[in-house]
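Q: Given the coordinates of chain A, work out where chain B should sit on it, guided by the hints.
First to last, the sequence lines map onto chains A and B.
Note that the first sequence covers residues 1 to 482 in my numbering.
Note that the second sequence covers residues 483 to 1001 in my numbering.
Quick caveat, the hints were computed from the structure, so don't treat them as lab data.
C-beta atoms are modelled at their ideal positions from N, C-alpha and C, and glycine is treated no differently.
Please note: incorrect hints may appear among the correct ones.
Partial list, computed: chain B residues near chain A (C-beta under 7 angstroms) [stated by the list, open to error]:
#1 520
#2 530
#3 873
Letter by letter, the chains look like this.
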Amino acid sequence: MTTQTKDALVLECETGNYHTFCPISCVSWLYQKIEDSFFLVIGTKTCGYFLQNALGVMIFAEPRYAMAELEEADISAQLNDYKELKRLCLQIKKDRNPSVIFWIGTCTTEIIKTDLEGIAPRLEAEIGIPIVVARANGLDYAFTQGEDTVLAALVQSCPNLQTTPTVEDPAQATFVQQLLQWPLANTGAPAATTVPQAKHPPLVLFGSVPSTVVNQLTVELNKQGIHISGWIPARRYSELPELGPEVYVCGVHPYLSRTATALMRRKECKLINAPFPIGPDGTRAWIEKICQTFDIEPQGLAERESAIWEKLEDYLELVRGKSVFFMGDNVLEVSLARFLIRCGMIVYEIGIPYIDKRFQASELQLLEQTCREMNVMMPRIVEKPDNYHQIQRIRELMPDLAITGMAHANPLEARGISTKWSVEFTFAQIHGFTNARDILELVTRPLRRNSSLSELGWTTFVKDVSPKTIDVQSTNVTSPIA
Amino acid sequence: MKLCYWMYSGPAHIGTLRVASSFKNVHAIMHAPLGDDYFNVLRSMLERERDFTPMTASIVDRHVLARGSQEKVVDNITRKDTEDVPDLILVTPTCTSSILQEDLQNFVNRAFLDSKADVLLADVNHYRVTELQAADRTFEQVVHFYLDKAKKNPAWQVAKTTRPSVNILGMFTLGFHNQHDTRELRRLFKELGVDVNVVLPEGGSVHDIQQVPNAWLNIVPYREIGLMTARYLEEEWGMPYTTTIPMGLVDTAQFIREVFAHLRTCSRDYFNEDVQLKTPEEVEDYIDNQTRFVSQAGWFSRSIDCQNLTGKKVVVFGDATHAASMTKILSREMGIRVSCAGTYCKNESDWFREQVHGYCDEILITDDHTQVGDLIARIEPAAIFGTQMERHIGKRLEIPCGVISAPVHIQNFPLGFRPFLGYEGTNQIADLVYNSFTLGMEDHLLEIFGGHDTKEVIEKSLSTTNGVQWAPDGLAELQKVPGFVRGKIKRNTEKFAKEQGIQNITIEVMYAAKESVGA
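This is chain A alone, in the form it adopts within the complex (with noise of 0.2 angstroms):
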C-alpha cells in the first residue's frame, strides 16, 4: 500500500476513532501569555481533571485558572447559571482581580445549553470586569483549536480603528486626527516600536507565541520597514489592537481559521493568506507575502534564508533521507512537514485533526512547491485519521520516525519505531528564523538517541555478545525509502 501520490496533495478525510488533547488544552498557555487574565472552565471533573493531571497544569501560589465545576444540581438545572456564575466571579474578583474573565465553555455547557453569551454581557455590567466567553469543547474542535475560539471571541473585543490613519500622507491627517490618535498607538502598540509611522497600512498578527517570538518576528518584519500595530493575543488584554477595513491582518499559526473569519466578517479587516512562519522557508515566505501584500520590496530576505539553512548543516546531515509520519494531533502538522521535506525527509502521511483548505490555501501550496522542488512524493493528506488503522500502515511503512500524541509514543517505541511528542512543538518555540534550529533539535533527539544506544539492539539490552546482533526490528535500522 502506498500513502502517496507524484502529481498532487490528496486529501483525505478517515473519519475513525483518533485521539487528540481536549481544546481547553489553550488554558495552559493563554493564561501566561495574557498577563493580566483569568480563565474560568465551566466543565465537569473530566475537564479539570485533564487539565490538572494530563497536562500537568497546576498553579498554586497565585492560579490564574480554575474550574467552575458542574454538580448534578447544575446539570439538573435546580440551580440558577447566573447566580452561580455570579457567586463565582465575585470570589475571583475578590482574590485575583484580573483585568479580564476568560469564560472557557466545555462540551458539558453545550450539552446542557448553558447561555454564556447571554449571561456574560449583564454579570459583565454588574461586577465591573469584561468577560470573554469561548466555547473550546470537543464536539466541535481538537486540541490547538481551543486557542482559535479564544482569539475569535477576542477579536469582538478588540477596539474599533477611530480614523481612517492615513497611510500614504501622514501630512494630510488633521490636527484633530493626530491628537485623536495619538494616545492609542500609544498604548496599543507592542514592545519594539522604535519604527517611526510606518508607510503601509496597519498590519495586526493574530495566535499566541511567546514575548520572545513576538520580538523575533517584530524584528524580522521591522527590517522590511514593516511595523506590526498589535497582536491578538496581546500580553494585557488592555493592548488589544485596534480593528478596522482598513487593517491588514495575518496569522501566525494554522488553527486559527476561526480568528481570521471572525476578524473579516465581523471587523471587515483584509486577510493576508500566506504560509506560516515555520521554518526558514516558511518564515520567508510569510514575509514575502506581507511585503507583497504592501508593494514593499524585500530586502535581503533570500540571503537571510540560506545563511539560516548554512547554519542547520550539521542537523540536516542527519534527517536526509529520512522518513517522517504525522499522526495527527496539533494542526501543525503542515507547516511542519512541509519545513522537514524542504530538510530533505520523506513525508508518508500528515495525519491532521482539521484542516481549513481555505486558511491553509498558501501553506498547501507551499507544501506542493516544496515538494516538487525537492523532487520527491506528495504525501497523503489525512483529515480525522483512525489511530488503528495508522499503525497499521506505520508498521507497514516502518517510517524512521513517528511524531504522534503522547498515548501512542511509548507502545510505539517499543516497537522499534522512533517517536517524537507531538505536543512539544506546540509549546517549543518554533516560529521565525532563528528558532528553525530549536525544530530540527526536536526532530533529531530521537534519531540521536538511537544513534548513541545504536550498538545495543531490543533484544540485548546488555552488550555482552557481537554488536552485529541486533534485531530486525530495532529503530536505528534505516528502513527502506519508498
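A: The following block gives chain B in isolation, referenced to the frame of chain A:
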C-alpha cells in the same frame, strides 16, 4: 457550581477505565467527546506502558449530539471485537456524555448478540461517585458478572485449594506503588507457606475470576478498592476477608495474625484441620524475627538518629488507607507528633476517624485543597506527609513533604523496589520519613556547630566582565530566559559579540548569536 483549583480524585470513568485496563485482554469503549479519552495518555506516560492502552473512544461530536449515536457505539464494539479479540468489552460514558442519556444499555445488549466477547456497561453514576468509588464498583461488577456466568456452567464447581490460599483484591493500574506492594505481599505469603491464588484486577484475566472462590480468604490491602468485591464474595460465596492494612510493623503483625485466624477457621470448616498450617508459635516467631531483624524500622526508631525526630509536629493527608496507616506509624512507631490527620475519601470518614482516634490532635476530612493548605499554614508542621498537592503546598511554605498517597505523579512510579506494605515497606517508610525532615542528624549538627557556610552567592562567575555592554532591550530579553540556562546564553552571546567586535548587545545581537551557535 464549585470553584476548584485542584482535585484529589478524578471523575468516575477514570476509575472504571483503570479497572478495565488492569485486566489482561479487556477493552474499554468510551462514549465521549474528543479529548475526554486522555486516560490513555495518563496510563501510557505514568506507567510507561509498552502496549497501547486497551481503550477506544467512540467520539461524540456535533452529529451525534444532533441525531444520537445510532449505530456508532455498536459498530465500534463489534469492530474492536474483531480487531483485538478481547475477552470483555467494557462500555462507559463520561460525566459529559452521561448527560445525553442515550440508552447505552441497549447498545450493549445489541452488541452482545453479535460479538464473541462479553460486553458490559459500567454501572456508575458519574456525578455521585469519585474515581476510587467507581473503580471499586466496576471491579465488583466484573467479578459478579463472571461468577454469575460460571454458575450457569454445569461443569463448573468451587473446589477449595488443598493448600491454604488467598486472593489479593484491589491491585490496579496507576495505583500508588501497587506493583511493589503486590510483590511484597507475594513474598510475605510465600514465607508464611500460603499460596496466592489470584491477584485482581492488575495482570489478571477475566477467566481467572471463576477460580476466585477456590481460595480460602480474600486480602483487601487498600480500603478504597476491592472492599465491595470482598463483601460480595463474603455474602454470596462465604469467603472471609481481611480488614487490617499490612502497613507498619504493628499492623503488619496484626494482619498476619488475622490471616492465620481466618485460615485456621477455614481449615477446620473445609478440611477438618487436615491441612498443614504454621502453628501460632511459628507465626509469632516469624513476626518477631521479621520485626526485629529483617525490618530495620523498629531498630531505626530506637537509634540515636531518630532521637531528633522526637516531638516534631507533622500533618498527614491522603487517601483513607495511606493517611490512616501513616498516622499510626508516625505516632506509635516513630514517636512523632501528628498534629492533624486527614483524608479526601469522604465516604470512608467513619472508618478513618476510628483508625486514627488517639493518634492525632485533630482530624480533617475534606476534598477541598484550600482547606488543607490553610490548615498546614496554620499548624506550620516540621514536615508534611501527603499527596503531590501537599508537596506543592509545602514547597510554597518551605516545609518538606514526603509523598505517601495518590494523586500521583511520574515520580511515584520509581523503577526500583519501593513497597509501602509488609516488612520491606516499613523500611521504605522509615527512609521516607527520615529523609523528608530537614535531616534529623544534620539539623542537630547544624545547631551544635553553627551551620554550614551561610554566605549567599551573589555573583556566580568568579571572573570579571569583559568590556561588552548590554543594551536595555537585550538585557530585558536575557531576563526572560529561564534561570538555569541564562548564564550559558549570556556567556555565548558575549563570546559571539566579542568575536564580531560588537560593543553593545542589543536584542538583534542576541538572536544573531543564537542563530550562530545554536545556544
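Q: State for each hint whether it applies.
A: Each hint tested on the structure:
1. 520: holds (4 angstroms)
2. 530: holds (6 angstroms)
3. 873: violated (10 angstroms)
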